[in-house]
Amino acid sequence: MNTTTPMNNQNGSQLAAFFVLAALVLFTLGSHVLKVLPLAGTNMLLIKSGKIVVDSNHAQITHGDEATQALNCISQYAPFKAFRQPIKGSKDAWHLLCQYPYDEAGTNVFDVIVEELEEGVFRLKTTFRPQDGTLQAIEQWLLRKNVQQVSAPTLPFPVQFLP
Amino acid sequence: MRTDGSGGLALSTTFSDTQLQQVIASIQEGKLPDQLLASVQAMDPTLFEGLPGDWPDFFKAIKFMNPDPEGRAGNIAYLQQELEILGALP
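Those protein sequence lines, which keep their order, are chains E and S.
Per numbering that gives the first Met the number 0, the first sequence runs over residues 0 to 162.
Per numbering that gives the first Met the number 0, the second sequence runs over residues 0 to 89.
A portion of the hints provided could be inaccurate.
Below, simulated SDA-like cross-link-like pairs (lysine to any residue); rule was C-alpha separation at most 25 Å, straight line [as the list claims (entries may be wrong)]:
hint: 1; chain 1: E; residue 1: Lys90; chain 2: S; residue 2: Lys30
hint: 2; chain 1: E; residue 1: Lys90; chain 2: S; residue 2: Thr17
hint: 3; chain 1: E; residue 1: Lys144; chain 2: S; residue 2: Pro66
hint: 4; chain 1: E; residue 1: Lys87; chain 2: S; residue 2: Pro32
Bear in mind the hints are in silico, worked out from the structure with no lab data behind them.
Required output: the full structure, derived from the provided sequences and hints.
As structure tokens, this is what we get:
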């Protein structure tokens, strides 16, 4: 026996239309939120602290400059913010923000950019004081890279120079 | 921002607009030879400060890059993505 009635068909069509509309609204809102607010919330993704390996030639080239300051900072203090940046065709880049010396205004912020080789071992990609060194400007700079904020590791990253 | 009078950027007398374009072109081709990397790493980073927008940080990323050859491919991929965001050097 066919139990379908014109009323059921009408309700079914309205329901389907509602779900299509809801999906469109959610998709649009979702895209917007992802583009506009990637820094607003801290994702639960976590990278643990570990050593950072650096080619020993790096020390010779950058001795005494802001890269050296950044590596000194990250080896003594845990990063206070961390971000994941997916890289097409390569491993994710992790931005570890370290501040030294500390001040309330949020200046003297360094970005230590690494990739994870294995659990607990990271290779330095590059490190410097971006923008004007303020957290606000650096977060805006990171926003333009479509990064995702993650929980910051709670321990410093010892730096090991490889021969 | 200083210009060389022809509309291009003049960073210094030893590292010209043409050389900057050469670095960018090489990265876009997926290459960053030791010699080219060393030439950027030997520069005074204050020379990048006259560049517009986020370009100073692009060249600082190269200036302070870990030269480890094993990480070069990943670093080039990172820089290529940066170039996509930055567009063309004015």
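Going down the list of hints, with the structure as the test:
1. At roughly 18 Å between alpha-carbon atoms, Lys90(E) and Lys30(S) fall within 25 Å of each other, so this suggested pair holds.
2. A distance of roughly 31 Å separates the Cα atoms of Lys90(E) and Thr17(S); the hinted pair therefore is violated under the 25 Å criterion.
3. Distance check on the hinted pair: Lys144(E) and Pro66(S) sit about 23 Å apart at the alpha-carbon level, within 25 Å; holds.
4. A threshold of 25 Å between alpha carbons decides the hint, and for Lys87(E) with Pro32(S) the separation of about 21 Å falls inside it, so the pair holds.
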